[in-house]
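Number of protein chains: 2
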Amino acid sequence: MGNAVRLGVAGLGTVGTGLIKIIEKHQSRIRSAAGGPVEVVAVCARDRSRDRGIDISGFRWFDDPIELAQDPEIDVFVELIGGEDGVTLDAVRQALAAGKHVVTANKALLARHGTELAKLAEEKAVGLGFEAAVAGGIPVIKAMRESFAGNEIKRVYGILNGTCNYILTKMEEEGRTFDDVLKEAQSAGYAEADPSFDIGGIDAAHKVALLASLAFGTEVSFDDVYIEGIENIELADLESAAELGFRIKLLGVAMKTDSGIEQRVHPAMVPLHSAIAEVGGVTNCVTVEGDFVGDVMLVGPGAGEGPTASSVVADIIDVVRGTVSAPFIRPASQLKPYKRALMRAHEGGYYVRVSLEDAPGAFAAVAKIMADEGVSLESIVQRRPQSALPGIDARDEAGGARQVVMITHPTYEKAMRSAIKAIESDPHVDKTPQMIRIEKL
Amino acid sequence: MGNAVRLGVAGLGTVGTGLIKIIEKHQSRIRSAAGGPVEVVAVCARDRSRDRGIDISGFRWFDDPIELAQDPEIDVFVELIGGEDGVTLDAVRQALAAGKHVVTANKALLARHGTELAKLAEEKAVGLGFEAAVAGGIPVIKAMRESFAGNEIKRVYGILNGTCNYILTKMEEEGRTFDDVLKEAQSAGYAEADPSFDIGGIDAAHKVALLASLAFGTEVSFDDVYIEGIENIELADLESAAELGFRIKLLGVAMKTDSGIEQRVHPAMVPLHSAIAEVGGVTNCVTVEGDFVGDVMLVGPGAGEGPTASSVVADIIDVVRGTVSAPFIRPASQLKPYKRALMRAHEGGYYVRVSLEDAPGAFAAVAKIMADEGVSLESIVQRRPQSALPGIDARDEAGGARQVVMITHPTYEKAMRSAIKAIESDPHVDKTPQMIRIEKL
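Chains as they are written, first to last, in the working numbering: chain A, 140 to 580; chain B, 140 to 580.
Next up, chain A with everything else stripped away, as it sits in the complex:
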């Protein structure tokens, strides 16, 4: 194995452990795909003695990932530590500077420092692979880099966070509240003790920032992602959505508009009878819309030991074969500055749920506000007092008030925000109206 490509693996959590298992189990398969042997020679983690169910005694041990990154005896630095700054960033910088390929599953790191790291990789003519950073086992990065290279991409969107999708699926299927399902997900290990990163939409936003750069040839700009999480989604919304032929998903969307690029993460209505609506539980999906290829959707496990490690291996094979494209398709020096389309200029349909006092003129007041803002309504339904979902009475949640749900014709977010503000201060209205965007698919 004198000519084996030598991997240094930093981080032996779920993904690192999975990687070592794949390389062990599929040695000959990987050798054949890579055109030569690939072996792990050195590892680094916090705790050397922890039982991971794999034998790491054959690998050189490093306490410091930065030392591992600079080790002259490795060819590829596999970063599976996590974290967007600090030692992780330093280690990746050092590895690239030392002329080593880097393969990482770290979306936060790349969302923050993607452009810089891509430039560094290109200066040194090494690969920077991050297939595992977006949607786990789904090969969307390679598809965008290579398969759709002959297309102008108009939009890329998907379900990019398994925790959120799991919670929304459970709420709808079992008629349970957000808090209830979240607690269960936490005790089952599907959600972190501090879940804000997932349910607040930040994790999905990291991925959107990477997809936007790949799609539009712009610098990675995480700070420009508009983010709303799923914390405010109520059962009443899931029920109303279903009645109106929709399902609610937390979507991450990157799209080109006349005024710039929209990067956004927010709950959105998708058609009930569509493949994306049936992507349930922790499963992820990404749809890429190209001008020639049309819409291609990729669906699969967005996280987990096997799927994520599978993508890491694919990247390793590519860097070994020398076939890695520029990290963000175009040379990093040619990435254009990101031009943000303001969210207020967003155009689309909206779902609005208002909790109204049961008094004459209450709805007329709301309707007038919408009309004054130039928003026209496609449909209006008063929710049935008895819930469509098991075990829930819509009146319980709203405290006896009428729930009126409106679907608007396409309009501007600016108008909607003004309307919502005005509706909220109307004396007939019980609480803050719910507003959910409808994603046109």
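For the record, the hints were derived by calculation from the structure and aren't laboratory data. Only a predicted model underlies this, so the values are computations on that prediction, with no experimental measurement involved. Each hint should be verified, as a subset may be incorrect.
Because identical chains share one entry, a pair is satisfied inside a single copy or across any pair of copies.
Each computed DMTMM-like pair below joins lysine to aspartate or glutamate, with the alpha-carbon atoms no more than 20 Å apart [said to hold, decoys possible]:
1) K160 <-> E428
2) K570 <-> E382
3) K309 <-> E444
4) K322 <-> D333
5) K164 <-> D430
6) K164 <-> D434
7) K160 <-> D434
With the hints as your guide, set chain B onto chain A.
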């Protein structure tokens, strides 16, 4: 453009025309991805003067694809003629023998001669790209070759023929018969005048043969594909399927079993609430099941000018970059002989619909036959006389007979075939029972 990679395009139908449009529109995009300019220099088609909506006056014209294939002034031979033998096969052989890369969308050619052509390509160290041959714009070949290279594939399956999926979707949505929808599809151009190739399952079988080889490292063996088309699917089956929580799709499946490899194309029941069930109309999908990555589904347009040409361009970029893998992943000389698992040994659940005389003991006789064959039933429903679909009365189709639908527990095809034969000859039974396999997802 002295160093441009020169394409010779044989065939200027839908895909060839689309290819020339993409190369014209996205010249700089393709140049950047390919690492240099790519240009069409010569073309070949049946009729030089036909208006294709593109200007071909700048390309050298060939009447004979074999001459084009051997032309010293081209680097890549793009075969978009179609046909599994004759001049197409000769042209591809000649192009490879002359050391030119070949990119093709021709599933029939590869299903018949894939192993031979892969060997020829490898002898000459040239690329043989056929992303466009399976599921049009869906990048499943690259995903299997590269993204899932670190996985043992257990099964690959999907909706591989848009015409069949369109017909089944329309039948169900509009409550119309097979013949009725087929006629409409033919006049709309979605189905050929002689539709047997599509609806008989042969087109899907070509794709299955290629997917099987990629998945299992075996020689391409089209003759070993078990094929059933959708000709015998009745509205009563679509209705019963929906009542039982299923939808009927024509699936192409390649899977490893204990006794060998199953390659099969047949109508199959899939769960009604699943993403694959919502893949409607002419859309295709392919699911790859890997031991580490899990199940990844790719959904998209399976045919058409833009999508197919997009995949052709992706292959061209790969051959230009020199990054094409072996056509069937392993070196062609190392592909194992195909070992067929007999269809009689197939294991799974079955849907059976029997048209029974309304007489005492009629169902008891059927039940006894099933029991005698060791087939146990998971559920039995007598179809409601009134159809669940609009405009159809189930009694019309069955001529007043009772329709009894059974879902079996997993069993062997051999037992089912014996049971069906025995049921068919029972005096209480009106006509040949319907048997549809349930695909376990």
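| field | Hints not upheld, ascending by number | value | 2 and 3
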